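Here's the letter readout for the chains.
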Amino acid sequence: MTMLPLRPYLAAFRARFQLLLEYRVAALAGFATQLWWGGIRIMVFAAFYGAHAAAAPISLADAITYVWLGQALLALQPWVADPEIGHAIRTGGIGYDRLRPLDAYGFWYARTLGWMLARALPRALLMVLAAGIILPLVGLDEWAWRPPASVTAALLFIPAFVLMTALAAAVLMLANVVVAASLNERGVNSILTPLVIVLSGSLLPLNFYPDAWQSWLHLQPLAGIVDIPFRIYFADLAGGAAAQGLALQAGWTAVLIGIGRLAMARMMRRLEMQGG
Amino acid sequence: MLILGQCAATSIEILGVYALFSRFGSVGGWSFGEAALFYALVNITFSLADMLTRGFEVFGTDFVRTGAFDRVLLRPRAAALQLAGHEVRLSRLGRLIQGVVVLAIASRLVPIDWDGPAIAMAIWAVTGGVALFFGMLVLQATMAFWTVESLEIANVLTYGGVQAAQYPLNIYATWFRRLLTFGVPLACVAYYPVLAILKRPDPLGAPDWLLPFTPLAGFAFLALSFLAWRAGVARYASTGS
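Chains A and B are the protein sequences, given in the same order.
Letter by letter, the first sequence follows residues 1 to 276 in this note's numbering.
Letter by letter, the second sequence follows residues 1 to 241 in this note's numbering.
What the hints contain is simulated information worked out from the structure, not anything from laboratory work.
Computed from a predicted structure; not experimentally measured.
Ideal Cβ positions, reconstructed from N, Cα and C, are used throughout, including at glycine.
Just to be clear, a hint being listed does not mean it is correct.
[To be verified] Here are some of the chain A residues that sit facing chain B, going by a computed Cβ distance under 7 Å:
#: 1; residue: A55
#: 2; residue: L199
#: 3; residue: L203
#: 4; residue: F208
#: 5; residue: P210
#: 6; residue: A212
With the rest of the complex left out, here is chain A (with noise of 0.2 Å):
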């Protein structure tokens, strides 16, 4: 049999494939996870604007669209520390990375960036076609993600974008330090996860909140990672007012990849390898 050679290759090559089959099959599960999920907000949503519209800050339009982005960019935000970072501290293989001859701040930064990217996009482009595409064209248009309020605002949406991500990597980053201070990223992300879902706006828009916590809901630094680019999307945030946001998220990213420097610095310096 002439084949016999090339048997263990074709079962090597089938073995990975169904794999990364498996993989994929995972990602859709996750994305139809969201797109279920963003029904359901939807849906609450519906029925209170339903008995007093008038008492809302965003229209029902608007907090549908707010939802979509939202499902979309889910794997942007920084909830949960990067787990190849715990990994690299248990393993000791964080010690590759201190013999670098780069900055290790920047190294992590970059992978910790094309970590969430990775996940985020594919689902983004779905979220798109089912929630932009899709739904319109199956005649449930008020439930569709609506595309940015003007090109203004589409154009402002860009740099948003941008700064929300670098934004949230920075917050990452900072739970990455403490990761690897700690050994442990349970802790991080039982603090972590909550603290961005409130503060971010991925609960609810923050202007949904009491009256009397909106200046400091609207200047602490997570808002940056969601509710100032979305409100710049649908131009709830123009002019002045979007100006005013990007240049908080600008802030607060140089201030938060400054202390995420200095306290990797201290970190570094203090690291004890764990055995390999």
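Based on these hints, arrange chain B on the given structure of chain A.
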């Protein structure tokens, strides 16, 4: 620490519910206190079910993929029983604690007459609900016989179900209400029992005498899930180790 974290992570949802009610006043004839009762009941139920069924949740990843299920099958006890006792996670106490706290708050906000029938109804609803969530996790595990992995899609049923059942049923669209009553009978272990506890007639028109029987649907769902499970075990072929 983890319990506290869990408590915080799940408490924020009630913060969202509170903010919506304080902004809009009421929804579908329900006040925040009444909605909090749904929230408390569903979360208490889910935390109990979640604590007891970890073996089924990780079944695909930890048992089928690794071949560890072979060992389970060799032991002279029912496989389902062994899986249910696989691991009891105390960190899930967080959700339970905050459910109980919200229940206390709800009882202060609305006049709930916690007489004998109401207490019995609450316990009965929780029992039915635990059976229902257990059934969902058994179904999720059963899928692993075909997919070899635990799939995130089942979260649509479990966590998504918790999310949906936290609000009174009559705020949803008709097709969704039907799904939650006849498909995945979450309404039968949350919405109808709460009506019975509050001694309110159903705004959707279900007769009063029916309400106390609705948690039975949870047990029916569990029974059907175990039928599917048995079909899965029958076709199980080990992946080896």
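- Message: Hints numbered earlier in the text: which of these fail when held up against the supplied structure?
- Response: 2, 6
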